[in-house]
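K.L.:
As a plain string of letters, each chain reads:
2 protein chains.
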Amino acid sequence: MEQSELYAGKQRQSTIYEAVQMRIREGEWKQHDKLPSVRAMAERMQVHRLTVLKAYQQLADEGILYAKYKSGYFVGPLEDFETGVSSEQSWTYQAKPVYVNQSRLSDIHRHSVDYQMAEALIDPQLLPNAYMSNYVKEVFDLYPRVLSTYSSVMGDLELREAMAQFYLDKYGVSVDAAELMITTGSQQAIDLISRALVKPGDKVLIERPTYSPAIDAFLQHRIQLFAVEITPSGYDMAEIEAIMKQERPRLFYMNPTFQNPTGYTVPVHQRKQLIELAERYDCLLVEDDVYQDIYFGSPPPPPFFYYDTEGYVIYIRSFSKYVAPGLRISILAARPSVMSSIVPVKALSDNGTPLLNQKIFQHYFFSSRLQEHVVKLRTALDIRRAKMEQMLAGGWRFDSPNGGLNLWVQVPQSLSVEELLHRSLAQSMAFVPGSICDPLGGMKDRLRLSYSYMNESKLTEGIQRLVTLADELMNDKNGQVG
Amino acid sequence: MEQSELYAGKQRQSTIYEAVQMRIREGEWKQHDKLPSVRAMAERMQVHRLTVLKAYQQLADEGILYAKYKSGYFVGPLEDFETGVSSEQSWTYQAKPVYVNQSRLSDIHRHSVDYQMAEALIDPQLLPNAYMSNYVKEVFDLYPRVLSTYSSVMGDLELREAMAQFYLDKYGVSVDAAELMITTGSQQAIDLISRALVKPGDKVLIERPTYSPAIDAFLQHRIQLFAVEITPSGYDMAEIEAIMKQERPRLFYMNPTFQNPTGYTVPVHQRKQLIELAERYDCLLVEDDVYQDIYFGSPPPPPFFYYDTEGYVIYIRSFSKYVAPGLRISILAARPSVMSSIVPVKALSDNGTPLLNQKIFQHYFFSSRLQEHVVKLRTALDIRRAKMEQMLAGGWRFDSPNGGLNLWVQVPQSLSVEELLHRSLAQSMAFVPGSICDPLGGMKDRLRLSYSYMNESKLTEGIQRLVTLADELMNDKNGQVG
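Top line first, the protein sequences correspond to chains A and B. For the first sequence, position 391 (counting from the first letter as 1) is numbered 391 according to my numbering, and the numbering increases by one without interruption. Here my numbering = 1-based position in the second sequence + 482.
Read the hints as simulated data drawn from the structure, not as lab findings. Don't take every hint at face value.
Listed next, the in silico BS3-like pairs over lysine-lysine satisfying Cα-Cα at most 30 Å (straight line) [stated by the list, open to error]:
1. A/Lys199 with B/Lys754
2. B/Lys681 with B/Lys652
3. A/Lys199 with B/Lys681
Some, not all, of what chain B presents toward chain A, calculated at C-beta under 8 Å [claimed, not checked]:
4. Tyr613
5. Ser615
6. Val618
7. Leu624
8. Thr631
9. Gln670
10. Asp673
11. Asp698
12. Leu809
13. Ser831
14. Phe847
15. Gln872
16. Leu874
Here a beta-carbon is modelled for each residue, glycine too, at the ideal position from N, C-alpha and C.
Produce the complete structure using the sequences and hints provided.
P.N.:
This is how it looks when you write it as structure tokens:
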């Protein structure tokens, strides 16, 4: 009986929850409008006040409402998804109720296409496969029992010690093996950080646009996301400071070097300044560094990790993307206080990355052959980048990136990216629509084209088809209008 | 100003939260006691009523309080951890506030010891390492680009198709490749299931005792855990039905074949009956099947998966434990409606298990050599089991297992397992204390000894030392008393 009363209470609560949502969605209640008081709403809906309060609180937890102390509940600053323009400020907050995780990026990747411009992956033909195979055979001679042994949760000690030495030699950063964890790709590192370090209701800063699976990873915890724009000259530092000061975000997820998807790089002076802000406002900086070694001109500035003395930077470094992507090896560095929260989540997730993959990675990564390979790889990728840029004449706008694997493109105004994607997939072409890289769901006139996966002739063909298709779509539209 | 008021409100809320917890902990407020009303508490603590309500609700969310509709808040049925005996029923509910995950098992595994009885792992010397190395080399000849390629999120299609065929041939179960997912070990499968299928507040059934990382995996979501005892004759089916009927748990996590840690096997008639209950009460059965092939006498009954026609069983099968544990390959089978919830979480977690590991596993698993290996392995493990049992004379009690890697032991009454563990680790011996396998935190007179990792002479030595240490501890104690 009690059980069914509780159940009925829950039913009523969700009725109110939905009624409020509907009125906001339909525009009856607008941003910052005050809601009826709990008492008034309870009378109107003929339910107990506690039921109304719970529904309001659930909506507040989800960022749809906000509570003012002693004043009641108000409609939150919701984003206008249709125009992609924030209705208040560029970092207007947004929190989606996400229990069932979604991944639009992997939905797109599920399509097997002839013209692959959606995968920021390096063409297997550019990797020294035969050479790697030989290396693997050596690993088995060196570690005959590598397949019979588990790695420790944090990863193989030998590899972690080698990486600690590498960070010291390369950046002069002193890091202990106990501050390094081996993860199954950067994706896992982001997921572990989100699970270990944020709680429902926390505030998280993120770039706009950004790596879309990171949006998914943080939103799974029902946090509030604050987006800061990244441009060719970096961040708006005053905006970041304002948000840090006012909102006290728990962490800032950044991809500051040849950013995915834009290719932009945050300049040195902002790196130093942001470290100071992080310390002042107690905000962790999660630096996802994937393309550090994939530069076309001069090398990028050192990572944030290099400037960090107080332990505010969590550094995710992926090497395997250009060493042997199939290995899925990334390295996460964090100071002990932070690492101690991440280790149990890694144990829960998979008990440690497979040892075999770590051993192969280590032996290949520290070979002289790898350095030769990377030099050649940069040149090959730069040629593909130039080819893609050359083919995208006309109304397609972009900033030429100095590194990375992607071109971030603004399409002609009259072109619908969603429609282009739909039609492209039907013609066996894939790219990433800009909107899924935008934590605010806007940027509907952008797309990300990866130039790394196809060889030159395929790339030329692919872009030609894409541009032709776009022209057709725009002509159709103009035809309809005229 | 508003910000700081909100902050102060939060502070006051947590003060009340802590005050309530303290009174419960210290026994001032007992189980099912009614708390002061929100109004009374607000007056007493000189805070706003909303602040009290929020604190109460937070405590209710964490299972420390419960709300009765229109009556107020009551102290929840908390477990008496000291005695390990439930204060109400054997399956008394328990919900811990777990945000920061913990893993006591991996804490124990972090110790590198000479006498390893805590790891349910097969001695690398029992695995055909040289032969596996050759297989790996063949894989590289067959798939020269395996290191340059990502797996799909669900896993390599070739392997999934081969496994679908295997299930059909071996159990006559028809399963499509789209219903199979390759995971990085069973640990990841459990974590994915917990993340995809349970929400905070859900109810989950679990065996008592059970595989302790599964407890951690489910409790991370702030669910309510209901424990059902597993004995040499299986489950108490009436108890399971009562819980399913009354509580409507979302799923039942089971390890029904040579169970870890007990070695018990649920009989066929209960398998059939439980499938019916699952259908009737809409409860998913998560069958973790690790030791199916590690039997000493006759093979165990077919898995629950075999009896399932309506898609209620999620089947986690681990083969790599005895094929090549370092590969970390498990296979998760679920019907499409369930699988569709798990796929996005897998994408978020690591975007797919490394392809190399899948290819190596497949080529070795389907070799005739593997079958010969498994037959020998069973014999070798059975000898070690018999040796361990023989050494554990005197007051140590256990049921001899018919399969698996573990002995579940009840120690003499006067022995403290915690103290034994503490002293064992100091003497470079490790085992798993029973209490961490018990979702109710009891079973303090039990421990799990794995006989799979050490060779016979090491095992003999290890158990001898353990028994000697135990005798010393008991004599010390008796000495003190006498």
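K.L.:
Does each hint hold? Answer for all of them.
P.N.:
Now for the hints, and whether the structure bears them out:
no. : hint                   : verdict
1   : A/Lys199 with B/Lys754 : 41 Å, violated
2   : B/Lys681 with B/Lys652 : 35 Å, violated
3   : A/Lys199 with B/Lys681 : 15 Å, holds
4   : Tyr613                 : 10 Å, violated
5   : Ser615                 : 4 Å, holds
6   : Val618                 : 6 Å, holds
7   : Leu624                 : 11 Å, violated
8   : Thr631                 : 5 Å, holds
9   : Gln670                 : 4 Å, holds
10  : Asp673                 : 5 Å, holds
11  : Asp698                 : 6 Å, holds
12  : Leu809                 : 6 Å, holds
13  : Ser831                 : 5 Å, holds
14  : Phe847                 : 12 Å, violated
15  : Gln872                 : 27 Å, violated
16  : Leu874                 : 26 Å, violated
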